[in-house]
Amino acid sequence: MAGAPRTVRAHDRAHEVEVRIAHFAFDPTWIEILVGDSVIWINNDLAPHTATAKDAAWDTGSIDRGDTRRITFEAPGEHPYFCAFHPHMKGSILVRSRSEG
Amino acid sequence: MKTLALAVVLAATAADSGARAEEPMNDLEIAHAAYTAGGLDIRYAHLALAVSENDAVRDFAQTMIRDHSAVNEAAGALVTELNVTPQDNALSQALVEGAAAKRAKLMTLDGAAFDCAYANNELGYHQLVNKTVAESFIPAVTVAPLKALLEDALVTFRAHEKHAAQMVAGLRCAD
Ligand SMILES: [Cu+2]
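Sequences listed follow chains A and B, in order. In terms of our numbering, the first sequence opens at residue 1 and continues consecutively. In terms of our numbering, the second sequence opens at residue 1 and continues consecutively.
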């Protein structure tokens, strides 16, 4: 393989993954990303929502209807979150380190 | 029991006005009643924030203010866009009168008694409003954007109903 042009895998660059908020649910509820990737929440409901880490490590703050918020994840591991306004709304993000492939 | 009494009054009022007019409420009356129902829940919430010291109750009340304000802002924007004026009607008036009586009773309470009365009222109120929106308003409304708004609003109000049921269960009211 030496000397061959380096193959650029999809995950060599940071990605953005969309999570839609509709009907008081995160969709998809569970996502998997790599370190350095971002998640963008889009609120389609009339009511404002948040995506708030269960351990309080991160928080989008209030997302009004039609608005988006982005968070970039640098810490590997499972990141469960909920809506601070409607705590029954739950989701989770699994962040894998890039060396795991 | 009090909630049930209000439900009966409202059902009777809705039936009366329908029978008298021999037609269902029109779009402008429905818009008025839906807006009124949201505004009344905001007033209940402000009362709860003034009286309650329970975190679950206060969080719920704050969510009611936030969400019903958002829904009513969207309704206000739609009314402006359509250049129409919502019409006061018997159901709106019954809602206002029922809520005034309920607020008067709530204001005599404090502590756990208030929290339980507020929580039970929120559950009953959302059950009643949701039934009315789903079974009367949405089928009757003729303007597409208003129907869409009511459907969106119903999603919000149904989440509130679930949230209220959880609040009632969490308070462990003897009732
Ligand atoms: Cu929410």
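Derived by calculation from the structure, the hints in this document are not laboratory data. In this text, all values refer to a predicted model and were calculated from it rather than measured experimentally. In this text, a Cβ means the ideal position worked out from N, Cα and C, and glycines have one as well. A portion of the hints provided could be inaccurate.
Claimed, not checked - Here are a few chain A residues that face chain B, going by a calculated C-beta distance under 7 angstroms:
hint: 1; residue: His23
hint: 2; residue: Leu46
hint: 3; residue: Ala47
hint: 4; residue: Pro80
hint: 5; residue: Phe82
hint: 6; residue: Phe85
Against the structure, the hints:
1. His23: 5 angstroms, holds
2. Leu46: Nearest chain B Cβ about 5 angstroms off; hint holds.
3. Ala47: Since chain B brings a Cβ to about 4 angstroms from Ala47(A), closer than 7 angstroms, the hint holds.
4. Pro80: 19 angstroms, violated
5. Phe82: Hint on Phe82(A): violated, closest Cβ of chain B at ~13 angstroms, above 7 angstroms.
6. Phe85: Because about 5 angstroms separates Phe85(A) from the closest Cβ in chain B, which is inside the 7 angstroms limit, the hint holds.
This entry does not satisfy hints 4, 5, going by the numbered hints stated previously.
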